[in-house]
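Asker: Now for the letters of each chain:
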Amino acid sequence: MNDRVAVRKTYKLFIGGAFPRSESGRTYGVHDAKEKFLANAAKGSRKDARDAALAARAGFAGWSAATAYNRGQVLYRVAEVMEGRREQFIADVQAAEGLGDKKSARVVDTSIDRLVWYAGWADKYAQVLGNTNPVAGPYFNFAIPEPTGVVAAIAPQDSSLLGLVSVIAPIVVTGNTVVVVASTRRPIPAITLTEVLATADLPPGVVNVLTGDPAEIAPWLASHGDVNAIDLTGVTNQDLAKQLEIEAAGTVKRVRRPAQPNWLATPDLGRLTFFIETKTVWHPIGA
Amino acid sequence: MRTIAEPLTTTSALREFLHGLPGVDEVGIKARATALGTRSIKNDSKSWAIDMAIRMVDLTTLEGMDTPGKVRAMCAKALRPDPTDPTAPSVAAVCVYGDMAPVARAVVGDNLHVAAVATAFPSGRASIEVKLRDVRDAVAGGADEIDMVIDRGAFLAGNYGLVHEQIVAVKAACGLAHLKVILETGELRTLDNVRRASWLAMLAGADFIKTSTGKVPVAATPAVTIVMLQAVRDYCALTGSQIGVKPAGGIRTSKDAIKYLVLVKETAGEAWLTPDLFRFGASTLLNDLLMQRQRMAVGHYSGPDYVTID
Numbered sequence: 103m104n105d106r107v108a109v110r111k112t113y114k115l116f117i118g119g120a121f122p123r124s125e126s127g128r129t130y131g132v133h134d135a136k137e138k139f140l141a142n143a144a145k146g147s148r149k150d151a152r153d154a155a156l157a158a159r160a161g162f163a164g165w166s167a168a169t170a171y172n173r174g175q176v177l178y179r180v181a182e183v184m185e186g187r188r189e190q191f192i193a194d195v196q197a198a199e200g201l202g203d204k205k206s207a208r209v210v211d212t213s214i215d216r217l218v219w220y221a222g223w224a225d226k227y228a229q230v231l232g233n234t235n236p237v238a239g240p241y242f243n244f245a246i247p248e249p250t251g252v253v254a255a256i257a258p259q260d261s262s263l264l265g266l267v268s269v270i271a272p273i274v275v276t277g278n279t280v281v282v283v284a285s286t287r288r289p290i291p292a293i294t295l296t297e298v299l300a301t302a303d304l305p306p307g308v309v310n311v312l313t314g315d316p317a318e319i320a321p322w323l324a325s326h327g328d329v330n331a332i333d334l335t336g337v338t339n340q341d342l343a344k345q346l347e348i349e350a351a352g353t354v355k356r357v358r359r360p361a362q363p364n365w366l367a368t369p370d371l372g373r374l375t376f377f378i379e380t381k382t383v384w385h386p387i388g389a
Numbered sequence: 108m109r110t111i112a113e114p115l116t117t118t119s120a121l122r123e124f125l126h127g128l129p130g131v132d133e134v135g136i137k138a139r140a141t142a143l144g145t146r147s148i149k150n151d152s153k154s155w156a157i158d159m160a161i162r163m164v165d166l167t168t169l170e171g172m173d174t175p176g177k178v179r180a181m182c183a184k185a186l187r188p189d190p191t192d193p194t195a196p197s198v199a200a201v202c203v204y205g206d207m208a209p210v211a212r213a214v215v216g217d218n219l220h221v222a223a224v225a226t227a228f229p230s231g232r233a234s235i236e237v238k239l240r241d242v243r244d245a246v247a248g249g250a251d252e253i254d255m256v257i258d259r260g261a262f263l264a265g266n267y268g269l270v271h272e273q274i275v276a277v278k279a280a281c282g283l284a285h286l287k288v289i290l291e292t293g294e295l296r297t298l299d300n301v302r303r304a305s306w307l308a309m310l311a312g313a314d315f316i317k318t319s320t321g322k323v324p325v326a327a328t329p330a331v332t333i334v335m336l337q338a339v340r341d342y343c344a345l346t347g348s349q350i351g352v353k354p355a356g357g358i359r360t361s362k363d364a365i366k367y368l369v370l371v372k373e374t375a376g377e378a379w380l381t382p383d384l385f386r387f388g389a390s391t392l393l394n395d396l397l398m399q400r401q402r403m404a405v406g407h408y409s410g411p412d413y414v415t416i417d
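In order, the protein sequences belong to chains G and W. The opening position of the first sequence corresponds to residue 103 in the working numbering, with each subsequent residue numbered one higher. The opening position of the second sequence corresponds to residue 108 in the working numbering, with each subsequent residue numbered one higher.
Quick caveat, the hints were computed from the structure, so don't treat them as lab data. Glycine included, each C-beta is placed from N, C-alpha and C at the ideal position. Among the clues, some could well be false.
[As the list claims (entries may be wrong)] Derived CB-CB ranges, DEER-like: (1) G/G372 to W/V134: 54 to 60 Å; (2) W/T191 to G/A163: 35 to 41 Å; (3) G/H385 to W/V325: 45 to 51 Å; (4) G/T338 to W/R146: 56 to 62 Å; (5) G/P122 to W/E373: 23 to 29 Å; (6) G/F139 to W/K362: 35 to 41 Å.
Taking the hints into account, I'd like the entire structure generated from these sequences.
Answerer: Below is the structure:
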């Protein structure tokens with residue numbers, strides 16, 4: 103009956119809007135929750151991390167200068183394209199995380215809604231987090247949120263799609279660019295997401311997705327001189343987290359500590375706020 | 108390789124010689140450049156290569172918007188590329204427009220070469236009197252290396268005698284200054300032409316042959332550089348004098364620079380691995396070399412925040 107030759111898949115990385123193989127040429131097998139073979143994924147190396155950081159830096163100038171309205175539109179567009187591939191995401195999440203039909207549909211729907219939620223914040227967070235400050239002098243004093251720069255992130259290991267989206271959306275919505283290391287054992291939903299990102303008006307370099315072992319890649323991102331902050335959300339090994347924090351201190355990065363929140367709950371602005379810098383401007387008013 | 112029996116100066120004699128050179132196997136050269144580019148360079152060799160590449164850089168600013176302040180800042184950087192690391196070597200030379208040569212010379216003193224572009228750079232479209240005056244101006248202004256452009260129009264029209272005559276005249280006007288002849292390979296169309304132009308420049312007395320002005324879309328490529336390196340190697344075998352090569356334009360990363368060093372070693376030989384015989388014409392390359400150098404020194408990747416903006 104079914105005599106089609108199987109299409110065997112070897113996925114690649116997502117760097118600067120393109121899909122390169124790992125510079126190291128390595129791949130690793132990905133299995134589903136029942137240990138059945140799914141596909142091969144690229145095993146990223148330190149040089150891939152370097153290339154991704156370079157792409158993220160190149161993408162930063164344009165993305166951070168884009169209007170807040172435009173960034174919101176682009177994130178909404180990502181949600182739109184995800185919605186169109188909803189069935190594929192549900193199947194991916196189901197295979198990766200071993201969830202039932204209803205649960206995996208809920209996870210995918212929440213992921214899409216989360217993007218829409220953050221897209222809505224794009225042109226609103228500055229009103230909430232910025233301020234005109236009362237000062238004891240003849241000045242207008244403004245506090246304006248600005249993006250931190252290039253952010254490295256270790257995506258959650260368990261929540262392969264919802265966790266990933268919940269980590270990268272608050273980083274990029276404010277104008278940061280991100281290098282994210284996807285869940286090691288469950289990278290397929292992240293890889294499907296890169297196919298969405300590549301076709302959703304997102305400028306190259308804004309989101310770069312590496313697959314592989316965080317223990318190998320993350321130290322190079324933590325110590326990298328051109329990465330401005332690191333989000334350790336998905337680091338499960340406490341010793342590694344400590345080592346990464348020490349590495350990050352060498353170049354005075356912002357470090358967000360490991361966390362395992364309930365991803366299905368509606369978030370607050372904590373993540374978004376973490377990766378912005380407040381610029382204060384003193385403007386003379388005469389008199 | 109044939110010998111040069113009598114001085115070649117006339118168009119017909121030059122044509123006979125230049126068109127008698129063996130043709131370039133373009134596919135073969137490109138394949139060789141690619142093959143040499145994949146060579147793995149281990150850490151010790153890499154740190155040697157990065158320092159050598161820094162010492163070979165002609166730090167260049169050739170913009171209409173160059174100001175004396177910009178040239179002075181660049182010269183300070185050329186003398187001490189990495190202020191955080193005194194072991195970083197100086198570059199070979201600074202390369203500026205002729206009118207900026209005095210400004211550059213005042214900063215670098217006798218510590219570095221000052222190269223000036225002349226002869227109606229970058230197009231070369233001016234009378235020979237204007238070109239010679241341009242050269243004398245730059246030499247009087249303190250330049251000890253002159254980067255001239257050949258008349259590509261005359262070369263492509265087959266008027267080799269005119270090109271030869273102009274190079275000879277410019278060489279005479281240079282006096283003690285070294286002469287680099289820019290072939291502008293992006294406008295020569297074929298590698299055969301690159302080989303002929305290289306020989307023509309060397310026969311006319313060039314001390315260096317340089318690929319490009321950096322002002323046309325196609326600048327230095329590995330294939331072009333191999334052809335030029337072969338030319339200087341063969342010229343040395345024939346006459347015993349060593350001519351330098353300077354790829355310029357489009358070399359922006361340390362990785363590229365190291366690939367070029369491999370080409371030099373494998374094509375012309377180790378004797379050419381010196382700033383006296385091989386240079387990089389570049390502006391942004393230096394920062395990347397410094398970042399790689401810092402990466403090797405401190406063990407983690409560096410970024411543009413840790414080098415000066417030029």
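Asker: If a hint holds in the structure, say so; if it does not, say that too.
Answerer: Verification of the hints:
{"no.": "1", "hint": "G/G372 to W/V134: 54 to 60 Å", "result": "59 Å, holds"}
{"no.": "2", "hint": "W/T191 to G/A163: 35 to 41 Å", "result": "25 Å, violated"}
{"no.": "3", "hint": "G/H385 to W/V325: 45 to 51 Å", "result": "49 Å, holds"}
{"no.": "4", "hint": "G/T338 to W/R146: 56 to 62 Å", "result": "40 Å, violated"}
{"no.": "5", "hint": "G/P122 to W/E373: 23 to 29 Å", "result": "28 Å, holds"}
{"no.": "6", "hint": "G/F139 to W/K362: 35 to 41 Å", "result": "36 Å, holds"}
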